[in-house]
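*Asks:* Sequence:
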Amino acid sequence: MELIMAKDKILIADDETDIALILKLQLEDAGYRTVRVRDGVEALEALAKEQFELLLLDIKMPRMDGLQVLKSVRAGYPSMVVVMMTAHGSEEIAVQAMKEGALDYIAKPFSNDDMLKRVERAIFYNRTLQDNQRLQEQLAAEQKKSEAILLGMAEILVAVDDKGNVISVNRMAENMFGKKRSEMLGKPVESVLIAELPAGVTLPSRKTLGSGEPSLDVTYTLNTRIGRIP
Numbered sequence: 001m002e003l004i005m006a007k008d009k010i011l012i013a014d015d016e017t018d019i020a021l022i023l024k025l026q027l028e029d030a031g032y033r034t035v036r037v038r039d040g041v042e043a044l045e046a047l048a049k050e051q052f053e054l055l056l057l058d059i060k061m062p063r064m065d066g067l068q069v070l071k072s073v074r075a076g077y078p079s080m081v082v083v084m085m086t087a088h089g090s091e092e093i094a095v096q097a098m099k100e101g102a103l104d105y106i107a108k109p110f111s112n113d114d115m116l117k118r119v120e121r122a123i124f125y126n127r128t129l130q131d132n133q134r135l136q137e138q139l140a141a142e143q144k145k146s147e148a149i150l151l152g153m154a155e156i157l158v159a160v161d162d163k164g165n166v167i168s169v170n171r172m173a174e175n176m177f178g179k180k181r182s183e184m185l186g187k188p189v190e191s192v193l194i195a196e197l198p199a200g201v202t203l204p205s206r207k208t209l210g211s212g213e214p215s216l217d218v219t220y221t222l223n224t225r226i227g228r229i230p
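Just so we're aligned: the sequence shown equals residues 1 to 230 in my numbering.
One should not assume that every hint holds.
[Stated by the list, open to error] With a Cα cut of at most 30 Å, we get these calculated DSSO-like pairs of lysine-lysine:
no., residue 1, residue 2
1, Lys187, Lys71
2, Lys108, Lys71
3, Lys71, Lys49
4, Lys145, Lys187
[To be verified] The following label-pair restraints were derived from C-beta to C-beta distances:
no., residue 1, residue 2, range
5, Gly31, Asn132, 45 to 55 Å
6, Leu135, Ile22, 32 to 42 Å
7, Lys71, Ile22, 23 to 33 Å
In case anyone wonders, no lab produced these hints; they're calculated from the structure.
No residue lacks a Cβ here, since even glycine has one placed at the ideal position from N, Cα and C.
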């Protein structure tokens, strides 16, 4: 599976020039675009100006250390994927950073292969987050469309969840039952569909919830605002 795309851009925040330069060259050789900043303040300024798929964040930096930057990133850019960088012997701080929202950490000095694997994993994680967000937005848009269609239907519509509680009604249901939508949502279906049923017969919608099969053999009368509907 190809994980690296030309658009993937990584922000490197590290005050150690030699390490930052090596890291930048290795990442660019692997196909990523990079921007390097020298401290936490510059990192936040860069995030405000450009979009990045990953932030490689050193823990010990001037002006703002990595943990301070991480806190600001989590508050201002909650979907930003962050991988911490730390010297050997400081892994405990990196683990604390992961508890506070970092995805992973890289211990210096790092091998090229290990660094690239962790970066690749972080980029893939970022892409998964973006895909999930897009799917959620698409689903929300489709739900709004469906809701608009259902609300405009000429027939009475009452939708329930698997427990038989009302989760949606259309305007016709509001008009016919003389209740506002807010008064019906979350209520048991029997409190909305006031029906006259033969003795011993369960409301068909409740029967369907229990069996998973439609009830086609029951005729009953609904009591509505305008009268009884057979």
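*Asks:* CA of Lys187 to CA of Lys71, is that 30 Å or under?
*Replies:* Violated. Lys187 to Lys71 sits at ~42 Å, over the 30 Å cutoff.
*Asks:* For a C-alpha distance cap of 30 Å, please report whether Lys145 and Lys187 respect it.
*Replies:* Since the Cα atoms of Lys145 and Lys187 sit roughly 24 Å apart, the hinted pair holds (cutoff 30 Å).
*Asks:* Holds or violated: Lys108 with Lys71, Cα cutoff 30 Å?
*Replies:* holds, 22 Å
*Asks:* Evaluate the given range 32 to 42 Å for the C-beta pair formed by Leu135 and Ile22.
*Replies:* The hint (32 to 42 Å, Cβ to Cβ) holds, given that Leu135 and Ile22 are roughly 38 Å apart.
*Asks:* So if I understand the rule, the pair passes when the alpha-carbon distance is 30 Å or less; does Lys71 with Lys49 pass?
*Replies:* holds, 19 Å
*Asks:* Is the distance from the Cβ of Gly31 to the Cβ of Asn132 consistent with 45 to 55 Å?
*Replies:* Distance hint for Gly31, Asn132 is violated at roughly 24 Å.
*Asks:* So the hint says 23 to 33 Å: do the beta-carbon atoms of Lys71 and Ile22 match that?
*Replies:* About 28 Å separates the Cβ atoms of Lys71 and Ile22, which means 23 to 33 Å holds.
Against the hints set out earlier in the document, violations occur for numbers 1, 5.
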